[in-house]
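Enquirer: Okay, here's what each chain looks like letter by letter:
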Amino acid sequence: MPPPRRSQLWIRSLALGVGGVLASVFAFIMFSALEALARGRGLSLFGNLWSPGAGQFGIMPMIAASLLLSLSALALGWTVSLGCCCALHLRTCPRLSKLLMGILRFMTAMPTVVYGFAAVFLLVPLIRSALGGSGFCWFTAGVVLALQGVPTMTLVMDGAMASLEKETGITSAALGFTPLQHLVWVVLPSMKPWLFSAAVLGFGRAMGDTLIPTMLAGNAPQFPASPLDSVRTLTAHISLVLSSDMGGGEHLSLMLSGGILLTISLLVSLTVRYISFRGRRR
Amino acid sequence: MRCRERVILVVSLVSGFLVCVSVFILMAFLLRRGLPALRGDLLFGNTPVMEAILGLKPVWDGIWPAMAGTLGLLILTMSFAIIPGVGCGIFLACYATPRQKEGLGLAVDLLAGIPSIVMGLFGFILILFLRRTFLPRGTTCMLLASFCLALLVLPSLIASTVSSLEGLPEELSLTAEALGFSQGQALRHVLLPAAGNGILSGIMLAMGRTAEDTAVIMLTGVVANAGFPAGLLSKFEALPFFVYYTAAQYADQQELTRGFGAILVLLLLSGGLLLGSWYLQRKLELRWRGERG
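Sequence order for the protein chains is A and B.
The opening position of the first sequence corresponds to residue 1 in the working numbering, with each subsequent residue numbered one higher.
The opening position of the second sequence corresponds to residue 1 in the working numbering, with each subsequent residue numbered one higher.
Only chain B is shown next, with the shape it has when bound in the complex (with noise of 0.2 Å):
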């Protein structure tokens, strides 16, 4: 019966490797053919920055307004999302009663599973009802995405702002209620500052999922050369979708290269929101558990 030892060993070994190396050969591959896109003309092209920036002057062969379209999404979709998810997160860690608790974690287990391509889909379905019934000139745009974004993102912030308040230490409450705080005072002025950052860690992995996500923003209003987002109600271009875009329609080289130069731009971010987020759960549990031991 050594040889079972012996297979997992090897299984074990070949997969870390394979992992490994395969991801330092996508990292080289897109870094080499990335890098020399990085320069200045990648965001703004020819265009004057100040008025690309601000959207006087159309860029016609740089990525900003797909990254203005993506930050667009990522205010909007947080705006839409934060207070829900957080509320709905305390309430589910320190009101609920069992029977809720129960009913409503299922209900939010289910949305997390839901594939985001199917996401888009209800997005559409939902446009298309409302021009059917009360908005006959709707059509697909940021807003739409947005909300169908938050949808998506909702379970992930609700799960981390609960577990950020369960993980607290059940003398903290105690200590509150002791010194006669109402519940709400303790979860303004005790609970939820100490939970601060792991909820806004919780928050800014939501925020990477918004901003890596394509296939919502492929069926609720994306497209490839919209410009500088014009508006709430009006379409839009997106980095995720750009590179989608370059990968299946690119004309020359130089726009392949654009394509690489925004690959890196979108991983930068969401390395990014990736690390921070890391950082303050640390930080929040280096102050509750490590210091205590």
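Just chain A, same shape as in the assembly (with noise of 0.2 Å):
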């Protein structure tokens, strides 16, 4: 342990600025949102229908929609996801897991709206003449935010899975398990704790995605009754009622939105936080 440091004084005034604008950020937003709880009792923010012209501004329906969308986005990409990480150390064609991380490393750098113009223009319309309806859906965001969510999941997963492949590879090698064997009864069981925490993070990231819901959900503010409905999130809603209708209720509601996107965002964060801590200390 080297002893206590003093450090010159701009860079630790440079910290202490970082540390106080994020700290505003979050004042500024969560100030904002509980302003508009306050100022719109009498709009039923919380209540089920989005209809400005009879003055309802019932948010339920995006939040309904965000949670919907991002779980089964979850579902779908994480468990892609897990093939995927058991795919990069399988071991029986390593040119092949080369190939597939190359892809993944790739796709992380892909902008999101490039995912969204590209399904705009192929997977819309095989939706719709399969399936039928506009083609703008729960289902097709679903399948998209899936895909765009799995590089994330797939590198935390994987991080962890080479870690501990290679603490007790050894071991398990000289009691003559093969690569597959090892991988399905030694390391998945090991690493649970991080299983749930690329869960937790691939949720965060697809709650928080904007542009995919807005190009390819349709949009209504609805509560969904089939994969083939047009949905609303939470993020599609704040990018399309921007409004400077400085009292309305359009504006209470985008602020409401953000606050509640921050306070989830903050609950993903902090959980992911806490088990990497436990899993540090065990």
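Heads up, none of these hints are tricks.
Calculated cross-link-like contacts (lysine-lysine; reagent style DSS-like; alpha-carbon spacing at most 27 Å):
#1 Lys283/B <-> Lys98/A
#2 Lys98/A <-> Lys192/A
#3 Lys283/B <-> Lys166/A
#4 Lys98/A <-> Lys166/A
#5 Lys166/A <-> Lys192/A
If you are wondering where the hints come from, they were derived from the structure by calculation, not from laboratory data.
Grab the two chains, each in its own frame, and use the hints to assemble them into the complex.
Expert: In structure tokens:
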């Protein structure tokens, strides 16, 4: 342990400044959301109906859509990520694993708007002709959102899997395990916390994504009855309803949506942090 | 219990295959539709090139204004973000007491999780607040957008700085101390040059994130036809927003083709930044881990 050192003033003040700015971001958004709650009593902001003409500004359909869409995308994306992560470590064909890793790395740099744009012209017509409806629906957005979330989750799982494999690899090879058996019976059971934290992280990402739901989900503010129904998520709601009408219900609903999204992202970050802390202590 | 092994095997093969195939189809589709658009007139349309680059004449049928907007955003954002990001990273890696590390680290973690649309909403609320108080004529603009983008990429900059400084072998700082360097001197002459590639690679990743982000700028001043960016306090165009707008509002085939062209340009930009950052990262790792084994 080196002795405590005195830092230069400018570095300390930079750190302090960054901390201050971060705190003010949280404060600003939370304060606006609370203000919206206080001022929007008569507007039934948590109601089930969004109909600005009738003075109904309920954002419940958007909250439901956000949760449904991100949970369904997570279910699909998490399974695929787990599969990809195992495929990376199977060692049956190293060259294919390398290719898959390259593709996943490339996907992390792919702008979300590219997924949205390509899906509008590829997937939407396909779903329209195969399943009916307009093609802009919960299902389309869910599939694309799942694909977009795969690289993040896979890379998280891959990091944990690589270190666990290193720890136990020689022992289980000496016991006569094949790589697949080693993976399934030794590595996977011991990486449960990381699998969970990848899922939480993926959920946060899916909740916060804006472009894919806005471009693909159809944006009708309603509770979906089937995967082919159009939905509007909280993020899409913010990007669509930008009114400078200061006191209006639309404006208040925007602030409230921002507050909800921020709260969810805070919970997600805290959970991931907590899990990784516990993992490290062990 | 063999069935569990079989399930995992099938799931992994199927999902690896699915991911590869969907990315290949996506890229093939984008290239097939976009390559015909990559011609001289994609950028400038019918406007003379020099005058278009300098912004003297408006470009109506090219993506140059959007590119210029994105480049401007990149430069401004990085000039906002680099010094606080790297400085804060240095503080966390070299100077912070455990308690400071805990607190600031938590704040950075939390900031890293904020969805970009919420950061955009922050910019929007900020400008409304400023209008009510100090700047009655303030409006969303390039300056505001790059400030919010800087906040968005700050956590990743801090994290990459910390990890490249902490990844250096410990004998480096011990040697410097033994040679009588003060902490500041060691940092300036030994540690920072040694970790430079890693920090630069983090900066390039942050640039990629800045170039691709659409949600923040949507709420902080991007518009579909602002022309060449007129200044820090004016509205602007940007490549990702151009792509988004084209998907919903294209009028004819020509505009659509231009959208595909813009996507390829955007992909080239972010792919190039990613490759650059890999290269630097690898160089750093080879230097400090590979040769010493």
